[in-house]
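Residue numbers (the working numbering), protein chains in the order written: chain A, 1 to 290; chain B, 1 to 391; chain C, 1 to 88.
Bear in mind the hints are in silico, worked out from the structure with no lab data behind them. All residues carry an ideal CB built from backbone N, CA and C; glycine is no exception. Warning: the hint list may mix true and false statements.
Label-pair distances were calculated between CB atoms; the ranges are [stated by the list, open to error]:
{"no.": "1", "chain 1": "A", "residue 1": "Arg279", "chain 2": "B", "residue 2": "Ser118", "range": "29 to 35 Å"}
{"no.": "2", "chain 1": "B", "residue 1": "Gly142", "chain 2": "A", "residue 2": "Gly226", "range": "28 to 34 Å"}
{"no.": "3", "chain 1": "A", "residue 1": "Phe35", "chain 2": "B", "residue 2": "Gln22", "range": "43 to 49 Å"}
{"no.": "4", "chain 1": "B", "residue 1": "Ser230", "chain 2": "A", "residue 2": "Ala235", "range": "41 to 47 Å"}
{"no.": "5", "chain 1": "A", "residue 1": "Ala18", "chain 2": "B", "residue 2": "Arg30", "range": "54 to 60 Å"}
{"no.": "6", "chain 1": "B", "residue 1": "Gly274", "chain 2": "A", "residue 2": "Glu33", "range": "40 to 46 Å"}
{"no.": "7", "chain 1": "C", "residue 1": "Thr11", "chain 2": "B", "residue 2": "Arg113", "range": "25 to 31 Å"}
{"no.": "8", "chain 1": "B", "residue 1": "Leu37", "chain 2": "C", "residue 2": "Glu19", "range": "30 to 36 Å"}
{"no.": "9", "chain 1": "A", "residue 1": "Gly268", "chain 2": "B", "residue 2": "Ser118", "range": "33 to 39 Å"}
{"no.": "10", "chain 1": "A", "residue 1": "Arg279", "chain 2": "B", "residue 2": "Met54", "range": "30 to 36 Å"}
{"no.": "11", "chain 1": "B", "residue 1": "Arg229", "chain 2": "A", "residue 2": "Glu227", "range": "30 to 36 Å"}
{"no.": "12", "chain 1": "A", "residue 1": "Pro214", "chain 2": "B", "residue 2": "Glu387", "range": "49 to 55 Å"}
Derived SDA-like pairs (lysine to any residue); straight-line CA-CA distance at most 25 Å [unchecked claim]:
{"no.": "13", "chain 1": "C", "residue 1": "Lys69", "chain 2": "B", "residue 2": "Lys132"}
{"no.": "14", "chain 1": "C", "residue 1": "Lys73", "chain 2": "B", "residue 2": "Gly351"}
{"no.": "15", "chain 1": "B", "residue 1": "Lys132", "chain 2": "A", "residue 2": "Ala16"}
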Amino acid sequence: MTGLYIHSVSAFIGEALADTDLLKEELHKYAQENFRRVNRFILLSLIGARECIHGHSIAADTAVYLTTEYGNLGDTVVVLDEIYAAHSLPKPFHFINTMSNTATFYLAQNLGTRGRNLTISSQYLSFERGLDLLMTDLTAGAEQSALIGGVDVASLPGAGGEERDTRGWRMVDGSGWFYVRPEHEGACGAFRENRSFRNEAACLKWIRERGESPVDVVAFGALIGGEEASRWREALRPIADFSYLDQYGYCGSAAACGIGMFVKHFPGKSLLHINRDPRGNYAVLEVEVF
Amino acid sequence: MQQGAFVTGKAMICAIGETPEQIVEAVRHRRIHLAHLSFPLAGLPYTRPYYLIMRNEADRPENRPDGYFTEILFSTAAGAIADAGLSDIELGKTHLFFGSTSMDVPVFEGNHRITSASVSDIFLRASNGYGKIASAVMERLGIGGGSYTFTTACTSSANAFLYAAAMIGQGRLERALVIGYDLFNNLGFYGFEGLKSLATSTYRPFDRQRDGLILGEACGAVVLEGRPRSAGDFRFLGGANLCDTYSVTSHDEEGTAVAETMNRALGQAGIAPGAIRAVKAHATGTENSDRTECAAMRLTFSGRVPPVTCVKPFIGHTVGACGVCELILFTQSLKAGFIPATPGFREKDEGCNLTPLTENEAVGEGIFMLNYFGFGGNCTTLILSNEGGRA
Amino acid sequence: MKGSLDEGLKTALKRLIVEECDIKVDIAAIGDDDTLFGSDSRLGLDSIDALEISIAVMNKYNLLISDSKELRKVMRSINTFADFIQPG
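Chain A on its own, in the form it takes in the complex (with noise of 0.2 Å):
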């Protein structure tokens, strides 16, 4: 994977269930204008990406792709109780909300951008997928930048529980995004690699046989438990653990909010973010920062 450089990157974590005009006020370090019909999940797009690009001018054909585990989930049940409960029909905004994607419109929209503009999702690794996208639309020449983020609301109580390891993660929201170019010059770190694996042992035979280029920190998503992480550490022996779990808390776009951190936090250092969804799918990104 080549030619991948973050520009500019942004984390943003919230408390769960905080206040939408806390929200607002937040927004409002980075734009002035005012926001009508927008819910939890715009506004946290609308802060993560703008404080990502604050600075920095950006090319009109800039492409969004903003990856979420649940995106617009609360505005799903405001319109269902809507018609079933208050037997009504929904409220117009309620129900165009509830398609995820209108928080990249407004983004774009805000941003003054005409590029492709996408939400998508993956069980675990959303991120990660999203990065694929991204890398297929440079390498076609549709692009020349992209913003790309994950984005959750903090979920909610049962959602995705069984699967996760629980370690008493706070619930929190979450909007961590890069803003990436093809070219070096000017960027503080570097998508170094985007690798998928059918399961552990192929991931564990790449990471064995790169073994020329040491990393200094590994990080882990939800779903690697403790011992499994021990296993990763003995084959890899970094000299640090980045723990963004449990030192930021939880939300279905962890993986993009602590990788945000890491680069935001660690010049100098490399990281290798180990991930995997319920199926024993692996997915390994390398982020180097400057």
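Model the placement of chains B and C on the given structure of chain A, informed by the hints.
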């Protein structure tokens, strides 16, 4: 041997049939079935038409058993895999691209009939993220590889197809199963009525008397591979996606953003507008959307618009599923030797100033454009070809 | 009493519009004859706002406005809106 991305297998179920052959025959002879559904939960004194899957009484929304959602989904996915003739080893190296608007909301609405819990409670307890449906298909059918779930409103499965094809074309993937699926749900039916977008009786895209869209339900699946399996397998030549930031629910009526999408797709395919033999329009039948699309086609084709067909009057607006489902309906009709007429069209609209085909038109091989638009300003164009397939 | 003469109703409608459409305007600043829709109007309401209001009206006053053109006519100003709700 040609390289690229080829549609090597397909399966579909919708209001007019449960096999591509049935669907094409219904399209050829304009056999259309419209149900009329009411809004009992909101106590409204009228009905609106809907294109329901209605093979028998068990298909009625109120009769649908637990597991109906997955039965339709798994059988359609399995049908496309069987049509392509994929082996178990090939399935292990297949990736899944899924596009939907309603996702698993019909499941939660269905559960509501059999428990006393509120729908939103069921939804909150059980919802497991957008990616869950794709994972279930992969587990059930033994599909390996990664999964990509697209939630871009009405362009969802069109974008799923666009990226699957692009990734195969670049050699990133060997093979993909692309699914578009939206099943009847009150959230969508009541939601679009709240937007006053639903037509009252007949679907008439581009017509002067059009009065909105008619929703439909469908599941469509295609297998995409780097090499054709049969002569005449459609090849993906190029495509594009962009965001028209004019409004979250409507487009700039000048059509510039939509035209730009078509032009970028033509550029990616490396062909001139004049090479397009026919266009499958998105044609929702709503006031603004139809005017915009027609303006965009006139811009793109410099006034010389090729034959245009609107296929929603056959199966309804299947929202997130329409990308794959309309692709199957359209390409299978082309394979059968005709470009479908547009049922319901009677009178040209001055604002649209475009007459779609009103009779089936005989067609051989060619290059075809398929357009899709959705809420959130999402615009997607695909260019497919079956030229040279028999060479 | 005709709606346009009912100050209580007009205040309630102004509040309903501001709340349903998520607009940051003091309701005292909305004139009874002000145009409500279009970019030239003070409130700048659009077609989706009209739909939001129509659903609120259906729920609160049990009045159905199914045609979107009629909706815009009815909601030209607070006075026309009030007369529709309460013809007198």
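Consistency of the hints with the structure:
no.: 1; hint: A/Arg279 to B/Ser118: 29 to 35 Å; verdict: holds, 31 Å
no.: 2; hint: B/Gly142 to A/Gly226: 28 to 34 Å; verdict: holds, 31 Å
no.: 3; hint: A/Phe35 to B/Gln22: 43 to 49 Å; verdict: holds, 48 Å
no.: 4; hint: B/Ser230 to A/Ala235: 41 to 47 Å; verdict: holds, 46 Å
no.: 5; hint: A/Ala18 to B/Arg30: 54 to 60 Å; verdict: holds, 55 Å
no.: 6; hint: B/Gly274 to A/Glu33: 40 to 46 Å; verdict: holds, 43 Å
no.: 7; hint: C/Thr11 to B/Arg113: 25 to 31 Å; verdict: violated, 43 Å
no.: 8; hint: B/Leu37 to C/Glu19: 30 to 36 Å; verdict: holds, 31 Å
no.: 9; hint: A/Gly268 to B/Ser118: 33 to 39 Å; verdict: violated, 53 Å
no.: 10; hint: A/Arg279 to B/Met54: 30 to 36 Å; verdict: holds, 35 Å
no.: 11; hint: B/Arg229 to A/Glu227: 30 to 36 Å; verdict: violated, 45 Å
no.: 12; hint: A/Pro214 to B/Glu387: 49 to 55 Å; verdict: holds, 52 Å
no.: 13; hint: C/Lys69 to B/Lys132; verdict: violated, 42 Å
no.: 14; hint: C/Lys73 to B/Gly351; verdict: holds, 22 Å
no.: 15; hint: B/Lys132 to A/Ala16; verdict: holds, 23 Å
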